[in-house]
Structure formats: structure tokens, C-alpha cells
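Going down the list, the protein sequences come from chains A and B.
Here the first sequence is numbered in numbering that gives the first Met the number 0, starting from 0 and rising by one per residue.
Here the second sequence is numbered in numbering that gives the first Met the number 0, starting from 0 and rising by one per residue.
Read the hints as simulated data drawn from the structure, not as lab findings.
You may find that some hints are simply not true.
These stretches of chain B come out as covered by chain A in the derived footprint (C-beta under 8 Å, 3 or more residues) [said to hold, decoys possible]: (1) 48–60; (2) 94–103; (3) 121–134.
Straight line, CA to CA, 25 Å or less: simulated PhoX-like cross-link-like pairs of lysine-lysine [to be verified]: (4) K230(A) to K155(B); (5) K174(B) to K237(A); (6) K237(A) to K188(B); (7) K123(B) to K234(A); (8) K155(B) to K234(A); (9) K155(B) to K123(B); (10) K231(A) to K155(B); (11) K236(A) to K188(B); (12) K174(B) to K188(B); (13) K236(A) to K174(B).
Restraint-style ranges between C-beta atoms, simulated for each label pair [stated by the list, open to error]: (14) G58(B) to I28(A): 54 to 60 Å; (15) I11(A) to G126(B): 54 to 60 Å; (16) Q55(B) to K234(A): 30 to 36 Å; (17) R175(A) to A250(B): 39 to 45 Å; (18) H38(B) to V29(A): 55 to 61 Å; (19) R149(A) to S12(B): 48 to 54 Å; (20) G58(B) to I148(A): 40 to 46 Å.
Treat the numbers as computed from the prediction; the structure is a model and nothing was measured.
Beta carbons are placed, not taken as given, at the ideal position from N, Cα and C, and that holds for glycine.
The primary structure of each chain is shown beneath.
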Amino acid sequence: MKDVSFGQYYPIDSPVHRLDPRLKLLFLIVYIAAIFVADSFWGLLACAGVLLFSVLLSRVPFGKVLRAVKGVIFLVIFTAVINVLFYAGETVYWSWGIFSVSKEGMVFSAFLILRIVLLVICSSLLTYTTTPVSLTDGVESLLSPLKVIRFPVHELALIMSIALRMIPVLSEETARIQNAQKARGADFESGNLIKRIGAFIPILVPLILSALRRADELGDAMEARCYMGGKKRTKYKKLRFGWGDLAGALLGAALLTGVILLRIYVGGVI
Amino acid sequence: MMNALEFEDVSFSYGEGDFRINNLNFTVGQGELVAILGHNGSGKSTLARLANRILQPDGGTIRVFGETVGEDNLYDVRRKVGVVFQNPDNQNVASIVEDDVAFGAENIGLPREEIGSRIGFALKATGMEAYRHATVARLSGGQKQRIAIAGVLALKPQIMILDEATAMLDPRGRKEIVDVVLRLNREEKMTVLMITHYPEEALLADRAIVMNRGEIVMRGAPAEIFARHEELLTYNLDLPRIGKICKALQAGGMSVSDTLDIQTLADEIAKELACGS
């Protein structure tokens, strides 16, 4: 719990940091589309290449980037194992009841792992290089057409910004409560899964209560600073679409077109 | 001297429980530094929330620079009365220092350039210029609280209320906040209402008000209040450390006065020792 890298901004200056958050959000969407369209080794390699280039350009250390993957490693392995065992392939190496290990299954799992890893890296790169405020400004700007149907775009964006702001606070608090419960003899490490999940209830209850109290106080503090919703509000940081953003847009478009063409004309392994 | 803040016959209750504030009367003059001293549950924090109408009084009148606080001038009042709360983690809205300081200024619809210059001003006033682009979560408690003060300063308020703003800080953080507040009061002529349970902080004020169970029970210069030691104890409050030292010296047979000034006490001790030897 101490190692919270999800959603955290990495404060340095780089061409990627300077990009318009709207471009980065759209790029992420296009990128996700690309990794799921790509069905061949070359397609995924192109995706990985583009991401590697972005990471290098952002000057965020590799260790930081990989730490984001560490957080989902359990999910990745779990998904991969399930897929290997249940994938109905042709070249079967081993089988037992409903389980089988086939060549196709292994290739499929490898692709899946690669996709999840690329997905996680790309989305964490977004939060590493974009401050929560500009990220939410970006979301607000992209969703602003929805204001026509009275969708609370500003409120949604603010909620997102506060949620990101509160991640380190609440994770610190979780660690603190966990230690306090351990000091009183709570056991989080032994017993079966259900028992362990049950052991987390004494952490969850105080955590939720404290989050509610925090929300109450934060609300007062926001009101005291003249918050009155999105009306009349100005923005200190203005979003500007520059040359770098154009380059980013072209890169995203090229990648997606590339993998679509590869899929149509070359065909994939899966 | 014009009254910056005025409470006239203000009463309030939370609707449940037996806590209430009855007929509260006090004023804070422009440029004054007033401390409100009280134990937990004395109603001192409720007072901060009443002053800028986060809570509404059941009866009575609250005036800010002569203007009665009501529903129609709510935001005007909140611009004039800034409040810094107790928990440094529960008042920052944004993750990056400058974004957080900008929040209030953005709310009142200022143009971009003005917001930028106000961020600069507020960070300078709190000595946090170097942290403009830092992550709030990585700062110390005292620094976070200075950012909270900066966020309030960006609204250019005329009155600042500190609602136990130092209660959750370590001694160093506490000193940082007290220094910033004293400087704002003395150099920028900011009117300050400091709500606290530390006698040491009340000592720095021009005047002090003691609250107990929703009522004002003592008021006067800090020295006058701390002279009534026995009475303070009945409200679960104590003397500042220097006062306790004086009492201990007196109990030990040294003839020193009940001073709250370090230099005076030092001189008296020196004189006593010189006589003795």
C-alpha cells in the first residue's frame, strides 16, 4: 500500500508533459483501439515501439513506468493462466478434463499479456505526465458537448480531480489503520481467502467513515473558498493545441491505420 | 477603529444534542489579532463556520465590515473572510500546489493573468514560492497548511480566520504557521481571528476571548486572562509554559512575578540569584 504510483503525477518538464491533455486522452483511446485491433506480432511490435518512443520522450524513469505494471501483475498472470487452460486450440500438448494446453492458447495468452502490459503502461504514462487538474480540464473540455443535454460535466471533472488528489491520502490512511489493527492483534496474513477478506472489514469501516468525514470538511473548505459550481468560474490554465499535439495526433492516426492495414492485408496469428 | 467582524446576539444549535451557542457578542477591530481560546466542544470552531456562513445562525446578526451577512451577499462575504481549517489534508482540492492555490481565485471568475499574479503573491506571503509546481501530497504538514493559507490569500481576504490551523502540526509546522500569520497581521495589516487551544498562541494576540460550552466566559488582553489562572483551569485551559514556570518557581520559594515575558522572568531570576549569593 505504501507504493502508490497509480494516478500520480511525475513532476518534470518534457515534450510529453507539455502536450494538450485532450490530445493525450484521445491518444490513449486510439492507442487502446490499436492494441486490440493488432492481431499479429508486427502489429503489436509497432504499438510497443510507439509506446517506447513516448516513454523515452517523457523522460519518466523506466522503473516508475514498470512499477505501474507491478500493480497489476497478479491480474496479468491470473488471466494468462486461465486463458492457456481454457483456450480451445488445435495443436494440443496436454489435456486433462476440460483443461488443455495448446500452442494457440499459449500464443493467445502471450498476446493478452502484452496487451494488458501496454495498456497499463500507456495509461500510467498519461497520469505521470499530466497533472490531475489538466487531466480533468481535458475531460471537461472533451465532454463539454454533453452540457447541451445538461450532463454535469464540470462536477464530474471536479470529482475526478479530487479522487486523484485523495489517492495518496487514503492509501496512507489505510496503512495507518492496518497497522493499528495489527497492533491489536488483527491477522491479515493467514487463513483462507474468505477469512482474509473478512479480516479487511475492520479496515474498511474506519476508512469509509474517515473518508466521509474528510469529504464533509473538504466541502466546507471549498465553500469557504467561494466554490459555487461551474458557473462564472474561470480557468488558470488554458488548454492550447500546439505543434507537438499535431505531431501526436498524426502519430496516433498513423499507428491505428498501420495496424488496421496489417490486419487486413497481412493477417494475424490469432 | 472600524469593526471588521461583529457578532451580535448570535445563537446557533446543530438541532440535535444539547450543544448550543447563546447570545454571542463580540467584535474584532480592523487590523486586530484576536485569539479565541477554548477546550474541545466549547463552540469555537462553530464560530468560524458561522462567520462566513457555512453555518447559518438561528438568531442574531453577524456583520462583516458593517455589512450584515445574509443569503444575498454570501460570496461577497466569503471573499472578505478567509478560513483556514484544522486538517491540512482535507482542504487542498488539487494535487499540484499552484493549481490548489488557484482554486479560490478561479471560483470567483478572475481573469487568467490576475490569477497568476495572485498565486505568486500568495506563495510569496507564505514563503512557499519554491514549491509552486510541487505535489501537495509530498509536502510536510506545516507546508500543506501554508498552502491552505496561500489558497485563502489568493482571494485577497480582509479577515483571516484560523480554525485550529495548527492543531494537527508538529512544533516546527506550528511555528511556520504562527510566523506567517504574525507577519500577515503586522505587515499586511490583515485582521486575524485565531481559534486555538494553545495558550502560547493566545499570548501573541492583541486580545483574547475564552469560550466554554458555547458561551464567552472571559475576554481581555492575554495577560489579563492568564492572570486569572484558577478560573482558566475550570474551563480545562492552562497557562502558557512560561506562566507555569513562574508558578513553579514561586512554589519553590523564589519571589518572581506572574510575568508572561521571557526577558522579564530571566531578569527577575538573575536578580534573585544575585541576592542569594
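Outcome of the hint check:
1. 48–60: It holds, with 3 qualifying residues against the three required.
2. 94–103: holds (count 7)
3. 121–134: holds (count 3)
4. K230(A) to K155(B): Satisfied, since the Cα-Cα distance of roughly 21 Å is no more than 25 Å.
5. K174(B) to K237(A): violated, 37 Å
6. K237(A) to K188(B): violated, 34 Å
7. K123(B) to K234(A): holds, 21 Å
8. K155(B) to K234(A): holds, 18 Å
9. K155(B) to K123(B): holds, 13 Å
10. K231(A) to K155(B): holds, 18 Å
11. K236(A) to K188(B): violated, 31 Å
12. K174(B) to K188(B): Roughly 20 Å separates the two Cα atoms, so the pair holds.
13. K236(A) to K174(B): Given that 25 Å is the threshold and the Cα spacing comes to 33 Å, the pair is violated.
14. G58(B) to I28(A): 54 to 60 Å: holds, 56 Å
15. I11(A) to G126(B): 54 to 60 Å: violated, 24 Å
16. Q55(B) to K234(A): 30 to 36 Å: Because 31 Å falls inside the window, the suggested range holds.
17. R175(A) to A250(B): 39 to 45 Å: holds, 41 Å
18. H38(B) to V29(A): 55 to 61 Å: This hint holds: roughly 60 Å between Cβ atoms.
19. R149(A) to S12(B): 48 to 54 Å: violated, 37 Å
20. G58(B) to I148(A): 40 to 46 Å: holds, 44 Å
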